[in-house]
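Enquirer: Here is what each chain is made of, one letter per residue.
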Amino acid sequence: MSLRNRELVNLVLVGVVGTAAFGSAWIAHTNRVSAEALVDVALIAGLFLAAHLVVRRTAAQADPTLLPLVALLTSIGLTMNFRLNPADGRRQAVWVAIGILAFALTLVLLRFDYRVLEQYRYVFGVTAIILLLLPSLPVIGQRVNGVRLWVHVGRLQFQPGEVAKLLLVLFLAGYLREKREVLAQGRLKDFGPLLVIWGAAMLVLLQTSDLGSALLYFGVFVGMLYVATDRLSYVLAGGALFVLGSGLLYSALSRVQARVIIWLHPWTDHKIPCFNGTLDYRQNCQSYQLVRSLYSIGNGGYGGTGIGRETTTTLAGTPLIPELNTDFIFSAITQGIGLIGAAGVILVFMVLVARGMRVSLLAQDGFSKLLAVGLAFGLALQTFIIVGGVLRVVPLTGITLPFVSYGGSSVLANFIALALLLLVSHRARITGAAR
Amino acid sequence: MNQQIRRLSGVAMILLAALIVATTYWTTWARADLAAKQDNAIQRVAEFTIRRGRIEASGHLLAANRRRVVDSKPLFFRIYPKGPLTAQVVGYSTAARARTGLEKSLNDYLTASNESLSTFVDRSIAQLHGKPIQGNDVQLTLNLEAQRVALQALGTKCGAVAALDPRTGAVRVLASSPSFNPNLAERNFGAISKIRADCTPAAPLLNRATAGLYPPGSTFKVVTASAALQSGKFTPDSIFHDPGYCTEYGKQVHNFADQSGPEVFGTIRLYDALVHSVNSVFCNIGKELGAFAVLQQAKRFGFYKPPPLETPLEERLPSGLYQHGRLYYPVRESQVDPGRLAFGQERLLVTPLQMAMVAAAIGNDGREMRPYVVSRIVSPGGKTIVKTRPSRLAQPVSRDTAQQIQAMMLDVVHRGTGTAAAISGLRVGGKTGTAETGFSGRNTTWFICFAGPDDGSLPHIAVAVVLEGQTLTGGATAAPIARQVIEALLPSAGNP
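These protein sequence lines map, in sequence, to chains A and B. Numbering of the first sequence is given in numbering that gives the first Met the number 0, commencing with residue 0 and proceeding in unit increments. Numbering of the second sequence is given in numbering that gives the first Met the number 0, commencing with residue 0 and proceeding in unit increments.
Everything labelled a hint here was simulated from the structure, so no lab data went into it. Some hints could be false.
What the hints assert, rightly or not - Partner residues aside, some chain B positions facing chain A, computed with beta carbon under 7 Å:
{"no.": "1", "residue": "LEU7"}
{"no.": "2", "residue": "SER8"}
{"no.": "3", "residue": "ALA11"}
{"no.": "4", "residue": "ALA21"}
{"no.": "5", "residue": "THR23"}
{"no.": "6", "residue": "VAL44"}
The structure displayed is predicted, hence computed values, not measured ones. Backbone N, C-alpha and C fix where the C-beta goes; we use that ideal spot for every residue, glycine too.
Using the sequences plus the hints, can you model the full thing?
Expert: This is the structure we're talking about:
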């Protein structure tokens, strides 16, 4: 069977799972069984079918599992978003449509050789830093939940960090490909641009108070640096620098301090000062989101409550956990489909990352290898930071779960990343076959 | 570069695998702990998606469910068809408040979250079918007719009735007055606190039968008599001289109005001292035996430990000496006045259930059975998960001692202070109690007894009745209530 036919079969399987999941949420929401639910399903299925056809024409030899795995994650995300807030679910569907359009455009525009991107590496690098600083600017920058991650232009809200991540990987792939030999020699003067990145990560942390994003960017950077230079000492030095830097900033950033305290001690036995001057236990106060999210996960148990039967509101119908469809979507998923389902979702991420890494292994040139490894590792790290935060493995920071969380910029950036992975994979196979 | 890519892949896989481990931890290991947290808002709501098990007794539903759809999800709210009848024992389960009674202590069974294999399988199958989880049904040993008679007899008086089968320990009546309507607990809790009765505070939520602490008065003489006979220093025929008072620390402690017969008996046997409830005799027994001997005997009856029952631990209080609101056991003899202790004053406080257990143990020839109110727990599929088998709790007195005291208690009802409890055709033995409360003319009155058919078989029922703030004696106020409860429990024998 050809690669693309295998992709189609995989997509059909995903369609069956997605339809069942969405059907449950739809029936639970409308309280009736009707073919109307299939209209929404058909629209999304149509979008992925279109994406598949574009891949057929532009990247015929690409890995056949990547698109179906993303389709599975997207359908879980859409189902959960619809379940938690039908209006947000529909908006998210529009964003998925836009994401797939961007995906198709990327494939079509770069179908001959995506490596032209390499020559714009400094443009990407500078743009990434500008994007990261945008939310800190007055007027357009907006503080949401104490974290500066949003840009506000008119009615449009935009989270530039997601796109910056993509541009950063592109920049690093180009830059490290060019400098890897010199960097491997370890001469200090070659580290200028890398110190700039470290400085940028610290600046991002300082400006946005967002430990999660800073950790993500810096982690991707260190990972790619290691792949490019094979110097474990750089990883250790990078890690030490990050710990040192965030340690120095820690005392200055009350937001980060609060996150760490919540992480270490979400429950207290005695009452502590709360937001509005009242005294209460921390679980009813600063850490109530995390704690309730853990309760949500615990309530799922082995098999979950079933999609549409999760407890997300009080007996009166008001939401129990704010930001449930963005930061905490994993806890909603775990409650709905339990340990079995949630472990399945993580396994899907693992397979996706593993396939991405495989793309990198098979790629023939340094830029392609670094690009693919950067994208795959970024995906893994982002998943770890947000899900690990929800599970109290690391301090909780507000970043999105790729393809699953509600959020337009995230969906857009991740679909473009997927298109790039497919292009690298396609090129690796045709050049590998030609050799 | 491939070597490095493989290593980095390894790191990525380890990070993601750690997430699966963490998810497993929270959904399995930590699950019970999370569910038990006081502030678990999810659990508080989620429990309403479970069709809680029903609680029933003698074929009548005491707790059932009403289905209501909230936020497109069916939720099950509790209703209590019998209202105030068993309010304190069954308790309530609401969203707004902590649970009480059996609704609290049996919550795991009622929500099918007890992890026995069969309920786990049932639960998982129900979940897969999308059906609401159904809890296990609980059957109680209570006799609702007798319970009704007891509550009615208590009326507006504050007090309690505890009745159990001495042969098995099965609790037949646990009535506490005033009672309240548990159906009000969810929406109109304020109405419960407005309940008035002959005492202030009325405290309708308090289960007086198991957590009401009262001075036992002369009912404690049964314990003292047990200690006396068990010690071997006394027999029922031991002779005492009653001058109408007992001298303690140089002061005269006078006999109490509760006793029947003349004010001063002069020469009297131990046997008759119990029948007529003569304080001076027991005062002298106490002084002779010492406080520790009496307290040790009380301990053998179960004092100083919360009596075993399926209701929550905090709704059962231990009987014994209390000081500053806390259970108190003396370190030295001199810390307790043995004479007053012997006739149930001092700082003694007891629960009706404990006194019913004392009467039951004497009636059952010294074998004290473990009291229980849950007879069976049945899974939704009809399978019995738990069946309570009667078991012996203790042997506080020998068979001989028990039978000697039985004879005295039978004479209490026959010709002593408790004649108001006599029922023709039944063998009833009891002991009255009238404890001064410190408010003049206001006494806590008691009657404890055992009763059974007059055919030489062991008694079928033991009862303890306590009333607060009475002007008359236990024989006049509590004994008639005990008689009504016995008649309700043993109807055929009572009407020859």
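Enquirer: All hints are to be evaluated individually against the structure, with a verdict given for each.
Expert: Results for each hint:
1. LEU7: Nearest chain A Cβ about 5 Å off; hint holds.
2. SER8: Check passed: Cβ of SER8 of chain B comes within 4 Å of chain A, closer than 7 Å.
3. ALA11: holds, 4 Å
4. ALA21: The hint holds - ALA21 of chain B has a Cβ within 7 Å of chain A, the shortest such distance being about 4 Å.
5. THR23: holds, 6 Å
6. VAL44: Cβ of VAL44 of chain B sits 5 Å from chain A, so the hint holds.
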